[in-house]
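Undergrad: Each chain, written out:
Protein chains: 2
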Amino acid sequence: MKPMATKTSPLSERETRSRLLNAAGEVFAEKGFKAATVREICQRAGANVAAINYHFGDKQKLYADVLRLSHTCAMERHPSDQGLSDRSTPEERLRAFIHSFVHRVFDDGQPAWQGKLMSREMVEPTRALDYLIRHEIGPRRDQLNQTLRQIVGRGASEKLLRHCTQSIVGQCAFYHHARPMIERLYPQQKFDAGGVRERAESIYQFTLAALRGLAAERGGKS
Amino acid sequence: MKPMATKTSPLSERETRSRLLNAAGEVFAEKGFKAATVREICQRAGANVAAINYHFGDKQKLYADVLRLSHTCAMERHPSDQGLSDRSTPEERLRAFIHSFVHRVFDDGQPAWQGKLMSREMVEPTRALDYLIRHEIGPRRDQLNQTLRQIVGRGASEKLLRHCTQSIVGQCAFYHHARPMIERLYPQQKFDAGGVRERAESIYQFTLAALRGLAAERGGKS
Numbered sequence: 031m032k033p034m035a036t037k038t039s040p041l042s043e044r045e046t047r048s049r050l051l052n053a054a055g056e057v058f059a060e061k062g063f064k065a066a067t068v069r070e071i072c073q074r075a076g077a078n079v080a081a082i083n084y085h086f087g088d089k090q091k092l093y094a095d096v097l098r099l100s101h102t103c104a105m106e107r108h109p110s111d112q113g114l115s116d117r118s119t120p121e122e123r124l125r126a127f128i129h130s131f132v133h134r135v136f137d138d139g140q141p142a143w144q145g146k147l148m149s150r151e152m153v154e155p156t157r158a159l160d161y162l163i164r165h166e167i168g169p170r171r172d173q174l175n176q177t178l179r180q181i182v183g184r185g186a187s188e189k190l191l192r193h194c195t196q197s198i199v200g201q202c203a204f205y206h207h208a209r210p211m212i213e214r215l216y217p218q219q220k221f222d223a224g225g226v227r228e229r230a231e232s233i234y235q236f237t238l239a240a241l242r243g244l245a246a247e248r249g250g251k252s
Numbered sequence: 031m032k033p034m035a036t037k038t039s040p041l042s043e044r045e046t047r048s049r050l051l052n053a054a055g056e057v058f059a060e061k062g063f064k065a066a067t068v069r070e071i072c073q074r075a076g077a078n079v080a081a082i083n084y085h086f087g088d089k090q091k092l093y094a095d096v097l098r099l100s101h102t103c104a105m106e107r108h109p110s111d112q113g114l115s116d117r118s119t120p121e122e123r124l125r126a127f128i129h130s131f132v133h134r135v136f137d138d139g140q141p142a143w144q145g146k147l148m149s150r151e152m153v154e155p156t157r158a159l160d161y162l163i164r165h166e167i168g169p170r171r172d173q174l175n176q177t178l179r180q181i182v183g184r185g186a187s188e189k190l191l192r193h194c195t196q197s198i199v200g201q202c203a204f205y206h207h208a209r210p211m212i213e214r215l216y217p218q219q220k221f222d223a224g225g226v227r228e229r230a231e232s233i234y235q236f237t238l239a240a241l242r243g244l245a246a247e248r249g250g251k252s
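From first to last, the protein sequence lines stand for chains V and C.
The first sequence maps to residues 31 to 252 in the numbering used here.
The second sequence maps to residues 31 to 252 in the numbering used here.
I should point out that these hints are in silico values taken from the structure, not numbers from a laboratory.
Some hints could be false.
[What the hints assert, rightly or not] Some chain V residues near chain C, calculated using beta-carbon distances under 7 Å:
no.	residue
1	Lys61
2	Phe63
3	Ala66
4	Pro155
5	Thr156
6	Asn175
7	Arg179
8	His193
9	His207
10	Ala208
11	Pro210
12	Met211
13	Ser232
14	Tyr234
15	Gly243
All C-beta atoms in this analysis are idealised placements derived from N, C-alpha and C, irrespective of residue type, glycine included.
Kindly produce the complete structure, drawing on both the sequences and the hints.
TA: The structure is reproduced here in C-alpha cells:
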C-alpha cells in the first residue's frame with residue numbers, strides 16, 4: 031500500500047488514476063463487480079468520488095480498465111514470446127507459451143488482487159471479459175493454434191487443435207485454482223523458482239510427446 | 031428443497047440428519063466454514079441447534095461429514111472403475127479414470143453446493159480435506175500412478191509419474207474452474223452429453239499419446 035497523501039502534497043492526476051486502479055482492483059477482487067461500491071474504492075484510494083467519473087467514466091469502465099491492467103501486468107512480467115525470434119521453431123514457440131503461462135500462474139510478486147480478479151472472471155464472467163477475449167486472449171489462442179498446426183501437421187482438423195489447446199491450457203491453469211490442494215497431495219514437490227521451471231518443462235515434454243503421437247497417428251505432417 | 035415439516039409429522043432422526051447435511055452444504059458453500067453459523071444451518075433445516083450436537087458432535091465434524099458426503103455422491107454417480115474388470119488393460123483403466131473425472135466435473139445434476147464446496151476446499155483447504163486426501167483422493171492418486179507405471183514402463187521415475195498425474199488431472203479439472211470462460215472462448219463447442227464424452231475421449235487420446243511418447247523416449251517398457 032502506498033502512503034496516504036498529506037494535505038501539503040496534492041496528488042497528481044496520474045497518481046490519483048493509479049491509486050484508483052489499485053484500490054478498485056482490491057475491492058473488485060474482494061467483493062466482485064456488483065457488490066463493490068465506487069464510494070469504498072474512492073475512500074481506499076484517498077480520492078473523491080468525482081475522480082472516478084473524471085478518469086474512467088463510470089464503474090463499468092473502471093472495472094474494464096482494472097481487468098485490462100491486471101492482464102497487461104501479468105503478460106509484461108512473463109511475455110509469451112520471451113527469447114523467441116522470427117526464426118524460432120514451432121516447438122520453441124510452444125515451449126515459450128507454456129513456460130510463460132506457468133510462471134504467470136505461480137507469480138507471487140504481483141498484487142494478490144490480480145490473480146483473484148482473474149479467478150472471479152473465469153467463474154462469473156462480466157462484459158469486461160469480452161474485451162479481453164477479443165483483443166488479448168483470443169489472439170493468443172489463435173497464435174497457439176497456429177503453432178500447434180505446424181507441429182501436428184497442416185491437415186489437422188480445427189476440432190483436434192481446439193482440443194489440444196484446451197489440454198495445454200488446462201495443464202498450466204491447474205495451479206491457479208488448485209495449488210493448495212496440490213501442495214497437500216504432493217508435499218515433496220516444491221514450487222520455488224526451480225520447481226516451477228521443472229513443472230513447466232514437464233508440461234512441455236508431456237504436450238510435445240502428445241502432439242507428435244497424434245501427428246504420427248494422422249500419418250505424419252502433410 | 032424439501033418441504034418444511036409440519037407439526038403433525040415430526041421428522042425422523044434420519045430425515046433430520048439428511049436435512050442438516052443438505053442445509054449445511056448450502057451454507058458452507060455460500061459462506062465458507064468460518065463464516066457459516068450452526069444457527070443458520072439449523073434454521074434452514076428446520077431443526078433445533080441441539081440436533082447438530084446430537085447428530086454430528088460439533089460444527090467441525092458436521093463440516094467434515096458434509097465434505098465427505100459431497101465427495102461420495104460425486105464418486106457414486108460417476109465411479110472411476112465403471113465398466114472395468116480384473117482383466118482390464120492399463121489403457122482401459124486410464125480411459126475410465128479420465129471419463130469418470132470429466133463427467134463428474136460437468137455433472138449439473140448434483141446439488142450446486144457440492145461443486146462450490148469442493149472449489150472452496152481446493153483454494154482454502156480446511157482440516158477436513160486431510161481426511162479426504164488420506165482416505166479417498168490419495169488412494170485414487172496412487173491407483174492412477176500404478177496405471178501410469180504400467181503404460182510408461184516399470185522403470186519410470188516417481189517424479190515423472192507425479193508430473194504425468196498432474197497433467198492428466200489438470201486437463202480434467204480445467205472445466206471445474208474455468209467453464210464460463212472456455213464457453214466464451216469456444217462458443218462452437220457444446221458441453222452437452224455428447225460434447226462432454228467427446229472432450230473426455232480427446233483428453234484420453236492426448237494423454238495416451240503423451241505417455242507412449244514418453245515411454246518411447248525412455249527406450250520402451252522395461
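Undergrad: Now tell me, hint by hint, if it's right for this structure.
TA: Status of each hint after checking the structure:
no., hint, in the structure
1, Lys61, "violated, 14 Å"
2, Phe63, "violated, 14 Å"
3, Ala66, "violated, 19 Å"
4, Pro155, "holds, 5 Å"
5, Thr156, "violated, 10 Å"
6, Asn175, "violated, 11 Å"
7, Arg179, "violated, 16 Å"
8, His193, "holds, 4 Å"
9, His207, "holds, 4 Å"
10, Ala208, "holds, 4 Å"
11, Pro210, "holds, 5 Å"
12, Met211, "holds, 4 Å"
13, Ser232, "holds, 4 Å"
14, Tyr234, "violated, 10 Å"
15, Gly243, "holds, 3 Å"
In summary, the numbered hints that this structure violates are 1, 2, 3, 5, 6, 7 and 14.
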